Every structure is written in structure tokens, then in C-alpha cells.
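Just so you know, the protein sequences line up as chains A and B, in that order. Take my numbering: the final residue in the first sequence is number 157, and no numbers are missing along the way. Take my numbering: the final residue in the second sequence is number 1319, and no numbers are missing along the way.
If you are wondering where the hints come from, they were derived from the structure by calculation, not from laboratory data. Incorrect hints may have been included.
Said to hold, decoys possible - Here are the computed lysine to aspartate or glutamate pairs in the EDC-like style, where the Cα-Cα straight-line distance is at most 20 Å:
#, chain 1, residue 1, chain 2, residue 2
1, A, 133, B, 1197
2, A, 135, B, 1196
3, A, 133, B, 1200
What you are looking at is a predicted structure, and each value in this text was computed from that prediction instead of being measured.
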Amino acid sequence: MTNSSELKVKKIMNGTVIDHIPSGRALDILKMVKITGREGNVVLIAMNVESRKLGRKDIIKIENRYLLKDELNLIALIAPNATINIVKNYDVIEKVKVELPEKFEGILKCQNPSCITNYERESLSSKFLVEDKVKLTLRCFYCDRLMLISDILKQLT
Amino acid sequence: MFNLHGKDVVSILDFNRELIEDVFNAAYIMEKYARGVGLNLLKGKIMATLFFEPSTRTRLSFESAMYRLGGSVIGFTSAEASSVAKGETLSDTIKTVENYCDCIVLRHPAEGAAKLAAELANVPVINAGSGAQEHPTQALLDIYTIKRELGRVDGLEIGIVGDLKYGRTVHSLVYALSLFNVNLSFVSPPGLRLRDEIEEDLRRKGIEFKYYEDIEKIIPNLDVIYVVRIQKERFPDPAEYLRVKGSYKITSSLISKAKSNCIILHPLPRVDEISLDVDSRPQAKYFIQTYYGLCMRMGLLSMILANKEDLKQLFYSSK
Ligand SMILES: [Zn+2]
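Only chain A is shown next, with the shape it has when bound in the complex:
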């Protein structure tokens, strides 16, 4: 299934297509999943293309790279409507919608220096609960400190 906007970007043989990214967020997503381009894989980025759903959207196509569950959760934070297409031999063999989980464990770091998760000796992984799915606010399970989307972006990009 192809539409006109997708045709603007060349097809990839094997890899991942991240579609329905809010316009202007593609580069943030690449940073979040730590794709710099220096890996040597083909990365195609389309920004501000027309979209029936979003008006304008970004698309990323990455050859030979598949996303982990944790990475999908992160993408959900800034692109809650994104769809992930797994491509094999130019065909989409799997299509998944990203989904914001109830909690994030071990990916983000609590910003509160007095938080128990930042006591080095405890070697405790962080845990955040999603407080607001619309505003994208997280709350540290341990110290209750809020983490806003701007803080999350600062930390991950």
C-alpha cells in the first residue's frame, strides 16, 4: 500500500519505516534512537510532507535497522501516532503502532539530584510513571519529581 507522499521518498529493501511523525520531529527521533548516519546504513528522511491524518508529517526510512521495544516506547513520547513498518524485500511484512506504555524503566534519568535512583551506590534503575498522556508528563516513581516533555527531549536528543 503506497500513497503519493510516500512515493516522494525512495523505497528501502530491508529495514524500518517510521511514518506519521509530527512534522519537524524526525531529527529528534533519530537522535533518540541514536542513529547518527555514521553507522553506514542508508537513512532517508522526509520532512513536512502532506498527510491526510496529520496535515503535515515526517517520515524516516532506515535500511538494515530494526527498533527495540524500548526505542518504540521512546518514539511514542514525541510521536504518539507513529506507525512502524518493518520492510523485507521491499514489502511491508509487519506494521505496528507505537504505544505509550504505563511506565518507563531504566531509560531516562531522574533529574532530581537527591533522588534515590541517583545515589550511585544503590545501582537502582529509574522508574517513571506516565502521568499525562496528552501533555506527555512523566513522574518519578520514587521521588515524585515531574519530568516534562521538554526535559525528556533535552535528555534524549
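Let chain A serve as the given structure and place chain B with the ligand on it in line with the hints.
Okay, now just chain B with the ligand, sitting in the frame of chain A:
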């Protein structure tokens, strides 16, 4: 009355109005036993007080409560905690100590420490202060004092004066008061206002509150004047501490402008935010507050630890 049996007390957010009233009922029953005779309700039970940070009053209050209930106490204070600091993690300390006791009372400088301890321990954990985050038993005793001294909590004008940002007692108190119908006024220097997440929580709960920089303006309206210390150790910059230290102070002449039946509370220890000449005023209730605190902690400990049959018997015989 059994709602806290075997449970942790980590955050005041885990309490609803009904549970708070249950604790107050238990505290009231304990008033009879808090001086002199005591009880055998917790005979054979051991409470461990793990104080990684100094707090003589809170620790003595918990220990006294446990002894009055017939139980025993083990534990360490910050001095001995330095040996813990040799390298043992809080997690390991908790997993060790829980085998020696029936409940753990924890004071720790890290925020979230009590939550972690409760997650790990099989015995109930009571938060006796976790960094600048929360101090739930202080909030309970504060409101119990208000109830005992003024006969009610709903409908009161409550002013909280001082360091609202770093004061852990304030955070728990504000959350607990949000379960009642009170009007809140906050008096603090602009730099020491409530943290964003607490303000956010209050707004979400529809609690109305106002900020003032000058206590004189609102003191005639207040039923409760709750004064908090500015804690030097919470300031990253000592110069900032010196600058704001004297910016609010309760004096006898200021109290002349207050209602004659208002009450002045303070979590103690005070430094100089309430002048000594206020002590002889009838509105000064900060010392009797510590007595109510003992009763409240006795009530809390018995709800968590007592044999259900014994507890039931005590409650019904006291009615
Ligand atoms: Zn935290």
C-alpha cells in the same frame, strides 16, 4: 481500624479522608495511655529505627510510642549510620534489618528512599522523612493537633509560613490538608514557594490557595498559623540562606493582631522563626503538638502491628 494492618506508610498520598479519621480515632484512644500507664498491645514486637539523617525528635517520638505500647526498639542514628556508609547500600541494609524486626521506621536524605525500602522489605516501612520529599507522620500529627485544639479541620483558614520549597513537612501537610475543606494561604519569600508538582497537584484537586509575601496582611484571618523553619542544609548557596532567613518571623506583637483563638504550630526544632515571647501566648501550641504526635504515632503503630483481636477489644472498651 484494620485498614493499616501490615501496611507501609510511605506517602500521605496513600491516605484518604476515611483512613486519616481512623488514625485520629486510634490516636484519641491512645491519649489515655500516652502518659504513665502504657499498654501491652505490642509486647514482643520489635521496631527498627534507621536514621541515616539526624532527627532526634521524630526518633524519640517513635521510640516512646513503641515503648508505651509495650514493644521494643532497635536501630541506629546518623552517627552509627556512618558505618553503614562504609559501603553498604540502603537496599542491603533494608534486606538485612527486616530480619531483626516487625517494622522499619526510616529517615533518609534521599527522596524516594522510603518507597524503595517499602518495595524491598517484607515488613511494614514507615517513612519518617525522605529528603525534602515527604514526612507523612508529621502531617498526620499536625492535623490531629488542629482537630484536637480547634475541634474541627473543615472550614478553617490555614496559613503556612516559611520555606515551602525545601520543607518536607510542608509537602505532606499540604497534601493531607487537600483532603479537607480548608482555605490555604502560603506566606513565603518568592524563591521558596511550593514546588511545581505540588502546585499542580493542588490545582488538579481543585484546592484554592494564595501566596503572600507579608504575614501581617493575612494574620487577622487565620485560624491556624503553621510556621516552618528555613533549613540551612537545603540551600545549595549559604548566601541565599542568610538573605531569606529573617524574612518572616512570628513575634508576640504580631500575634496581637491574630485571632485570640487561633493556634500556632511548628514541626520543631525552631531556630528563631518564632520568638521566645510567643511561648507564653495561649495560641502557642507547638509543644503540646509533640504530645499529640506521640499519641498519633501510638495509634498508627498499633493499627499497623497489633493483633487484630487485641486491637478490636481495646477500641471497643474505649468507646
Ligand atoms: Zn526521582
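Task: Indices of hints not satisfied (ascending) - done: none
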